[in-house]
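Asker: Chains as they are written, first to last, in the working numbering: chain A, 221 to 620; chain B, 221 to 620.
Just so you know, these hints were derived from the structure itself, not from any lab.
C-beta: ideal position from N, C-alpha, C; glycine also.
No incorrect hints appear here.
Just a few of them, taken from the derived set where beta-carbon distance is under 10 Å, the chain A residues facing chain B: (1) V302; (2) G303; (3) G562.
Within a straight-line C-alpha distance of at most 30 Å, the following computed DSBU-like cross-link-like pairs (lysine-lysine) qualify: (4) B:K268 x A:K251; (5) B:K616 x A:K337; (6) B:K616 x A:K250; (7) A:K511 x B:K616; (8) B:K617 x A:K476; (9) A:K251 x B:K616; (10) B:K617 x A:K511; (11) B:K268 x A:K250; (12) A:K374 x B:K616.
Protein chains: 2
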Amino acid sequence: MNLIDTLAVESDRRILLVVLDGLGGIPRDKKTELEAAWVPNLNRLAAKSSLGCLVPIDVGVTPGSGPAHLALFGYDPVEYRVGRGVLEALGIGLDIGPDDLCARANFAILDSEGNVKDRRAGRIPTESCAELCERLQKDISRIEDAEVMIRPGKEHRFVVVFRDEGLGDGLTDSDPLHNGRAPLGIEPLRPEAGKSARVANRFIERSAAILAGEKRANYVLLRGLAKKPVIPTLQERFKLKPACVAAYPMYRGLAKLVGMDVLETENTWDSEVAAVRKHFEDYDFFHLHFKETDMAGEDGDFDAKVELIEKFDEEVVPQLTDMGFDVLCITSDHSTPAVLEGHSWHSVPVLVYSRYVRPQARVEEFGERTCARGDLGCLRAQQLMGLLLAHALRLKKFGA
Amino acid sequence: MNLIDTLAVESDRRILLVVLDGLGGIPRDKKTELEAAWVPNLNRLAAKSSLGCLVPIDVGVTPGSGPAHLALFGYDPVEYRVGRGVLEALGIGLDIGPDDLCARANFAILDSEGNVKDRRAGRIPTESCAELCERLQKDISRIEDAEVMIRPGKEHRFVVVFRDEGLGDGLTDSDPLHNGRAPLGIEPLRPEAGKSARVANRFIERSAAILAGEKRANYVLLRGLAKKPVIPTLQERFKLKPACVAAYPMYRGLAKLVGMDVLETENTWDSEVAAVRKHFEDYDFFHLHFKETDMAGEDGDFDAKVELIEKFDEEVVPQLTDMGFDVLCITSDHSTPAVLEGHSWHSVPVLVYSRYVRPQARVEEFGERTCARGDLGCLRAQQLMGLLLAHALRLKKFGA
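One chain only, chain A, in its complex shape (with noise of 0.2 Å):
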């Protein structure tokens, strides 16, 4: 058990986590996004919080949005995977229990000797996959005695759903993931999967039948099985009663396998805060999730990036300062440059405001360089909840 839970105990001190996905930016003319960013409420907030930066996963490591979190939350998240199967299901906001074997699922084209001649059937339009997917359903429910879930992605990715409690996971993909080759059965790496891989590739040749003399797609292929790992909650581990307030399923879903009650909300930032104000007297930590800085990032929008933080500070900042709680955290979980369009290894900027922090002399800027020379320090992202658990006063004291 990691030091910090034996040490955790409950308080009505009030935690909100604000995540800005991807705000870790590089410089364009000599400023990252955030720098470039005028934020006056942000500046000023950092002039009296303490400051430092976050290595998401660990140094050089670019992580992708599960292992990102899973760190925030506190989570050691090497040691807790989460399969592609798993985020896939929680993205299309499927609710995932302990029997539940998920599945990436490609609609694909395969030749008359049987290899596969389009991994992706040509990118058919995410209408047609939504069609396919009905008539899988509607000929399979159930394959032995596992309940069967076939639900549409974008384009030609859906998802699979095997529900039985004999299900283990440890499976080999079926996609070959090239053109031209044959697909691949599906193995189990272990005893615990025997009857997994039986189920799948019966799905397979289920779905091959279903699907023959079909020209959008006559085959499919799957990879990323896998079950939600057993995860302590953060009720369990650090005597929480958590909520998460995010607009996008896989956000969402990633909150869940942590024990956080997913609160309803629109998908405005607007609607977001709102809800985060409904319920304050309701739970005691809070995570606060913003998507579109980071897909501004993706899209290699430099612009787009610096206006949705200036948004941030003018029309959010103001009103969590407001709500009165005991600590206040504004991080993100991990980089996405705009100049690099995707998410990358750098560290994140963190803020953490509370009645008992040092701030900086001589800081008035948050940015990932003032960020940098902060109190804090570099740290890892997984050791940033010890650190809010005890600005509120939530850890007890450790020896005598």
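Following the hints, put chain B in place on chain A, whose structure we already have.
Answerer: Just chain B, lined up with the frame of chain A:
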């Protein structure tokens, strides 16, 4: 397996790791050697680089050259130990194979009662050492079925290599470490070392017989008997094609241990840089080592060290920045402060230049204390390789 190893991918992006041996210092008149040096080129490069400091092994630990370099190459220096015998053998330029058991040896003088009168045989001249080694080698070419190689070092020091596939390591020393004591029998610490102990003890007996009556030295002492550790190579771990340019044999030997090709060079800095330039297209990772800064530190010659750093800045840096590496890192294996006349535990400054850094806004100096406030924070030397690989875009994303 380390996380970084699982993420490494092949690429044609190139990394240059420059090691100024013993660069780190402590102040004389308020400035370290590096801070006292006039280094306009390094300062200009620092202004557009990521800066930080590296702790070679662990806080407070003064490293030898072996572990310090292994850490820079991404290896846990506490896990991978290179025995003294192996380092000595590498230091005199021997190629060490997997069947080689290497020992540091001293010529010594025993008194009439068989106690060690002088462990160093009065520090006999290097020429005498060579002469005595030749006498031993002439008579002793084989013991049991082990081939025996005897090579002179400086003064009373020499190296013995026993070559045979049956020789395990894990042995005690024969050197009692104090004059006036009897030499010790070499004992195996594990069953696999039984033959090794027999062969080594027999070597000592036969040497004593050959040296009987010799005034300069009548005995040999062995210690640090070791085989080279089994280390996964940089190719295997990081998918690199690595080369080393170093003028001193030990560094060339260390580089071979981790799978680097060792390039031809003369013992001048110009020749070393020319070797990198010549082979630029042939490798994607270069370790470029300059020894002299460490020697000046060991000599306690502050001014000489300053001059060497200035020479590096003036003659070498412009050539390095010109070559077109995707990632350029300038750092050191450990500190060798002139004030201490030896290696020390202090952290070393590190500079990483690539297109993807967050340069310091206001730092325009490459020095221990500016680097300690750098955006990278303080890293373990072992973490550096992950960062260099990341900046070369040679690591895939962790998780989804």
